[in-house]
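Asker: Single-letter residue listing:
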Amino acid sequence: MRHFLRRLIILLLTLWTTVTINFLIPRLMPGNPAEAMLAKFHGKGPMSPQALHSIEVMLGISSEGLLKQYSQYWVNVFHFNFGVSYTYFPYSVRHMIAQTLPWTLVLVGVTTVISFVVGTLLGILSAWRQGKIFSDMAITSLFTFTSSFPYFWFALLCAFFLSYVLNWFPLSGGNAGNMTPSLNFNFLASAAYHSILPALTILVSSIGGWQLGMRNNMLTALSEDYVTLAKARGLSEMRIALTYAARNAILPNMTGFAMSLGFIVGGSVLTELVFGYPGMGNLLYVAVQNEDFPLMQGIFLIIVICVVVANLAADIVNVFIDPRVRRAGE
Amino acid sequence: MTLLQVEQLTVAYGSAGKGVKAVRGVSFQLEPGEFLGIVGESGSGKSTLGYAVSNLLRPPGQVVGGRVLFDGKDLLNLPKRALKQLRWAELSIVMQSGMNALNPVLTIKRHFEDTILSHATMPSRDIEARIRELLGMVEIDPAFMHRFPHELSGGMKQRVSIALALALGPKLIIFDEPTTALDVVVQRSIVQNLKALQRQHGFAALFISHDLGTVLEIANRVAVMYAGEFVEVQDAKKLLQQPMHPYTQALLKCFPDPQTERLEITGIPGTPPDLKSPSPGCPFEPRCTQSMPNCRTVKPTFVDLGGTGVACHVAVIGAAGGTAHE
Amino acid sequence: MNAFRASLIPFWRNRVARLGTIILCLFILMAIVAPWISPYSPQDSNFSEMLSPTLAHPLGTTQDGHDVLSQLIYGTRVSLLVGFVAGLGTTLLSLLIGLLAGYMPGVVDEVLSYVTNVFLVLPALPLMIVLAAYAPVKGEYLIVIVIIVTSWSWGARVLRAQVTTLRTRDYVVAARFSGDGVMRIMFKEIFPNMMSLVAASFLGAAISAILGEAGLEFLGLGDPNINSWGTMLYWAQNSGAMLQGQWAWLAAPGLCIALLGTALVLMNFAVDELANPRLRRN
Numbered sequence: 001m002r003h004f005l006r007r008l009i010i011l012l013l014t015l016w017t018t019v020t021i022n023f024l025i026p027r028l029m030p031g032n033p034a035e036a037m038l039a040k041f042h043g044k045g046p047m048s049p050q051a052l053h054s055i056e057v058m059l060g061i062s063s064e065g066l067l068k069q070y071s072q073y074w075v076n077v078f079h080f081n082f083g084v085s086y087t088y089f090p091y092s093v094r095h096m097i098a099q100t101l102p103w104t105l106v107l108v109g110v111t112t113v114i115s116f117v118v119g120t121l122l123g124i125l126s127a128w129r130q131g132k133i134f135s136d137m138a139i140t141s142l143f144t145f146t147s148s149f150p151y152f153w154f155a156l157l158c159a160f161f162l163s164y165v166l167n168w169f170p171l172s173g174g175n176a177g178n179m180t181p182s183l184n185f186n187f188l189a190s191a192a193y194h195s196i197l198p199a200l201t202i203l204v205s206s207i208g209g210w211q212l213g214m215r216n217n218m219l220t221a222l223s224e225d226y227v228t229l230a231k232a233r234g235l236s237e238m239r240i241a242l243t244y245a246a247r248n249a250i251l252p253n254m255t256g257f258a259m260s261l262g263f264i265v266g267g268s269v270l271t272e273l274v275f276g277y278p279g280m281g282n283l284l285y286v287a288v289q290n291e292d293f294p295l296m297q298g299i300f301l302i303i304v305i306c307v308v309v310a311n312l313a314a315d316i317v318n319v320f321i322d323p324r325v326r327r328a329g330e
Numbered sequence: 331m332t333l334l335q336v337e338q339l340t341v342a343y344g345s346a347g348k349g350v351k352a353v354r355g356v357s358f359q360l361e362p363g364e365f366l367g368i369v370g371e372s373g374s375g376k377s378t379l380g381y382a383v384s385n386l387l388r389p390p391g392q393v394v395g396g397r398v399l400f401d402g403k404d405l406l407n408l409p410k411r412a413l414k415q416l417r418w419a420e421l422s423i424v425m426q427s428g429m430n431a432l433n434p435v436l437t438i439k440r441h442f443e444d445t446i447l448s449h450a451t452m453p454s455r456d457i458e459a460r461i462r463e464l465l466g467m468v469e470i471d472p473a474f475m476h477r478f479p480h481e482l483s484g485g486m487k488q489r490v491s492i493a494l495a496l497a498l499g500p501k502l503i504i505f506d507e508p509t510t511a512l513d514v515v516v517q518r519s520i521v522q523n524l525k526a527l528q529r530q531h532g533f534a535a536l537f538i539s540h541d542l543g544t545v546l547e548i549a550n551r552v553a554v555m556y557a558g559e560f561v562e563v564q565d566a567k568k569l570l571q572q573p574m575h576p577y578t579q580a581l582l583k584c585f586p587d588p589q590t591e592r593l594e595i596t597g598i599p600g601t602p603p604d605l606k607s608p609s610p611g612c613p614f615e616p617r618c619t620q621s622m623p624n625c626r627t628v629k630p631t632f633v634d635l636g637g638t639g640v641a642c643h644v645a646v647i648g649a650a651g652g653t654a655h656e
Numbered sequence: 657m658n659a660f661r662a663s664l665i666p667f668w669r670n671r672v673a674r675l676g677t678i679i680l681c682l683f684i685l686m687a688i689v690a691p692w693i694s695p696y697s698p699q700d701s702n703f704s705e706m707l708s709p710t711l712a713h714p715l716g717t718t719q720d721g722h723d724v725l726s727q728l729i730y731g732t733r734v735s736l737l738v739g740f741v742a743g744l745g746t747t748l749l750s751l752l753i754g755l756l757a758g759y760m761p762g763v764v765d766e767v768l769s770y771v772t773n774v775f776l777v778l779p780a781l782p783l784m785i786v787l788a789a790y791a792p793v794k795g796e797y798l799i800v801i802v803i804i805v806t807s808w809s810w811g812a813r814v815l816r817a818q819v820t821t822l823r824t825r826d827y828v829v830a831a832r833f834s835g836d837g838v839m840r841i842m843f844k845e846i847f848p849n850m851m852s853l854v855a856a857s858f859l860g861a862a863i864s865a866i867l868g869e870a871g872l873e874f875l876g877l878g879d880p881n882i883n884s885w886g887t888m889l890y891w892a893q894n895s896g897a898m899l900q901g902q903w904a905w906l907a908a909p910g911l912c913i914a915l916l917g918t919a920l921v922l923m924n925f926a927v928d929e930l931a932n933p934r935l936r937r938n
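Protein chains in written order, with this note's numbering: chain Z, 1 to 330; chain W, 331 to 656; chain P, 657 to 938.
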């Protein structure tokens with residue numbers, strides 16, 4: 001329990017630090033980007049005084065003292081009130097994020113889970129059959145190569161060959177035309193179809209990491225004494241491989257998995273960009289392109305919150321799967 | 331019938347040919363119910379011998395010569411299935427204390443269940459009763475079966491390992507330094523426990539240790555190992571009274587003799603030889619206080635003197651002349 | 657110098673790592689001899705625009721009429737340099753923080769470990785993007801700095817752990833009792849014993865620096881007028897290379913990045929073996 005509390009404190013401090021950094025960056029940057037931003041807003045059209053105020057608070061254009069600004073900033077963070085997006089004026093940042101977040105969560109979430117499961121299984125296989133031509137050498141070499149791909153480049157190639165040349169998949173977008181997101185079959189089918197290619201490229205570029213990591217852990221576990229003794233006890237190969245070696249080898253990977261769930265929102269910027277996928281990554285790109293600081297602030301905070309929550313989940317998961325952690329604090 | 335017959339067993343580490351030979355042509359026999367101790371310094375190849383006999387060597391270690399007959403079966407060339415069936419049911423192992431012999435994510439109970447169910451089907455109620463019985467035999471509260479390995483002390487883990495080795499009533503148990511990392515009090519109590527269990531269940535044992543005192547206390551017969559070879563095999567009592575090999579004599583001086591008042595402890599000067607470049611003569615010659623000229627050039631062979639034996643020019647001459655070292 | 661040479665031997669002895677070393681050397685060679693092997697100057701824009709691969713232009717030409725192959729060969733220089741400098745900077749920062757935190761338990765360690773943990777949790781790419789976006793001046797220096805700031809934490813944690821265990825070793829304790837200064841102990845006693853770990857974190861940092869550089873440049877956060885593999889991809893993407901069927905322009909720079917990354921991963925196998933003998937095979 002003490003270990004857990006310590007982790008919780010670290011994560012809360014992380015959250016605090018990030019919010020503070022986020023608060024400070026626009027205030028510390030030379031050339032006062034915020035003023036320029038506000039000037040641009042005035043060209044966009046009329047804005048309500050509250051919206052104006054929250055932008056001022058976010059970006060630090062204010063005659064008020066820094067402490068007052070800081071406390072107001074926190075109030076806004078708690079209300080997810082990041083002001084108005086410059087790019088998508090007059091929509092609020094919150095509105096834009098709410099519209100975009102589900103796309104990324106579904107696409108990257110599902111692929112992250114698949115990638116972890118398949119990569120881990122392959123890692124177990126290739127460690128158990130270490131040195132075999134296909135199940136170890138071929139798989140491991142292939143993944144060594146794919147894991148050092150620039151993944152957006154692989155996405156570009158896929159888009160080029162599978163969409164442009166072969167016309168198997170749509171080149172970009174999240175669904176056909178201007179369908180309204182809803183739970184009917186046509187929309188879901190179209191969304192699924194559009195997500196195949198982005199999902200494939202994320203899978204190919206991320207699966208290698210899990211496979212290589214698991215293979216290493218598994219090789220280490222296989223050389224443990226309890227595996228030798230399990231062999232001496234005449235246990236079946238299956239049981240030794242899974243319950244004795246893999247069950248221990250997966251512990252460090254589980255933490256990595258929970259953490260990678262935290263990177264779902266921010267981890268696929270380039271892939272989303274290549275495929276014009278209507279997710280958070282693309283939104284961040286648009287925000288950066290247009291120097292839309294309110295939107296950038298909002299997105300970055302969401303990303304960090306996801307990471308912190310995922311880390312917390314990782315710690316909780318660890319307590320359940322590793323008996324040594326479970327009893328250590330009691 | 332002889333239970334275990336080891337013939338000219340040679341084990342090398344590294345690729346065949348240029349590897350280091352850790353065990354060099356070791357031969358011995360073990361009768362049912364017999365308790366053979368194997369003593370040697372670290373690096374003498376005694377643990378490697380234990381792994382080789384149980385066919386558990388891991389690369390880069392491999393058997394490059396000789397054979398192991400267990401109950402008449404060629405253990406090193408047994409088909410996978412047959413080997414799996416034989417393991418633990420007839421031949422079990424207790425690993426060095428301080429090693430990770432138990433799977434950290436499984437309870438003690440699961441270890442027993444895994445072992446028992448791999449060899450027989452048994453209703454869970456019977457299994458639990460059997461685990462209670464086994465834990466009782468090694469003086470552990472059966473309630474500990476629901477604990478995880480890290481919740482047990484080193485001594486308790488080692489007792490659990492012994493109970494695990496007894497689970498299927500094997501004919502032979504190999505103990506590889508079972509008490510080394512434990513403190514002396516725990517060590518003694520485990521050795522006493524083991525002695526009683528052996529009398530009760532009648533299993534044969536190979537007891538590998540660097541601690542001659544413990545081995546003499548527990549074993550019927552003792553083999554002294556040096557530089558990958560047996561240099562002396564003797565009845566435990568005779569070894570204590572009439573050690574033949576100068577190395578054995580030196581080892582005996584390394585610990586206080588409980589029978590006498592003498593408390594003179596001396597180490598053995600020098601270090602074990604480099605196994606990569608063996609000398610043509612006796613490997614112990616550089617450290618030997620009784621060496622003769624031909625010790626440096628001619629390697630002494632192991633001479634069987636009827637149940638006992640020694641590999642030493644000096645001792646063989648002594649035995650032939652009827653003047654054994656007293 | 658001897659320790660340096662000794663630390664290079666494993667990269668040659670391990671067969672997999674040797675392959676990586678050879679690939680890396682080929683890229684370095686390519687960067688050095690670029691003026692001699694490149695068919696044209698990378699700045700020469702007197703060719704027809706958007707040509708598909710031909711004999712005269714094996715990889716085609718760009719939207720401004722540059723020769724893609726020449727750009728690719730010259731691009732090796734910037735990509736290698738940025739990867740190397742950013743990787744080195746990251747490693748040095750990790751090493752500094754790891755050594756300090758590991759060797760000075762108490763307040764220093766607590767503070768540094770806390771900062772490390774925070775940066776460990778922060779997602780690198782979005783942080784890179786946000787930092788680069790706010791910066792008033794874009795360019796390769798900015799990319800190097802952003803990469804260093806966002807990726808030192810992992811190495812620092814690993815190195816700190818190593819220092820913490822080394823600190824209590826007998827020979828270090830002995831050196832301390834014989835009155836050696838902190839700096840002397842760190843660099844004479846501790847540092848030599850973590851060479852393989854430092855090498856591993858350098859290789860890891862270089863890999864992520866090369867990929868990070870490519871990503872940032874692809875997003876247009878670098879200087880688009882500098883000729884590197886990342887900016888080549890940026891221009892290819894933004895001038896519609898895909899819709900013009902110019903696959904070679906798209907494929908070649910990424911393939912080079914992937915090969916370079918793979919080379920470093922392969923070299924890391926040698927380090928893995930040093931650090932974890934259990935992975936060693938006969």
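Quick caveat, the hints were computed from the structure, so don't treat them as lab data. A virtual CB, placed ideally from N, CA and C, is assigned to each residue, including glycine. Keep in mind that a hint or two might mislead.
Stated by the list, open to error - With a cut-off of at most 16 Å between alpha-carbon atoms, the simulated EDC-like pairs for lysine to aspartate or glutamate come out as follows:
#1 231/Z with 481/W
#2 410/W with 237/Z
#3 231/Z with 565/W
#4 40/Z with 291/Z
#5 794/P with 291/Z
#6 414/W with 237/Z
#7 501/W with 604/W
Said to hold, decoys possible - If you anchor each label on the Cβ, the simulated ranges turn out as follows:
#8 373/W with 835/P: 35 to 45 Å
#9 252/Z with 412/W: 36 to 46 Å
#10 699/P with 95/Z: 44 to 54 Å
#11 236/Z with 359/W: 52 to 62 Å
#12 236/Z with 338/W: 47 to 57 Å
#13 454/W with 225/Z: 21 to 31 Å
#14 767/P with 5/Z: 14 to 24 Å
#15 835/P with 338/W: 49 to 59 Å
#16 675/P with 583/W: 54 to 64 Å
#17 675/P with 165/Z: 30 to 40 Å
#18 675/P with 129/Z: 17 to 27 Å
Asker: Hint by hint, where does the structure go against what was stated? Just the numbers, ascending.
Answerer: Failing hints, ascending: 1, 3, 7, 11 and 12.
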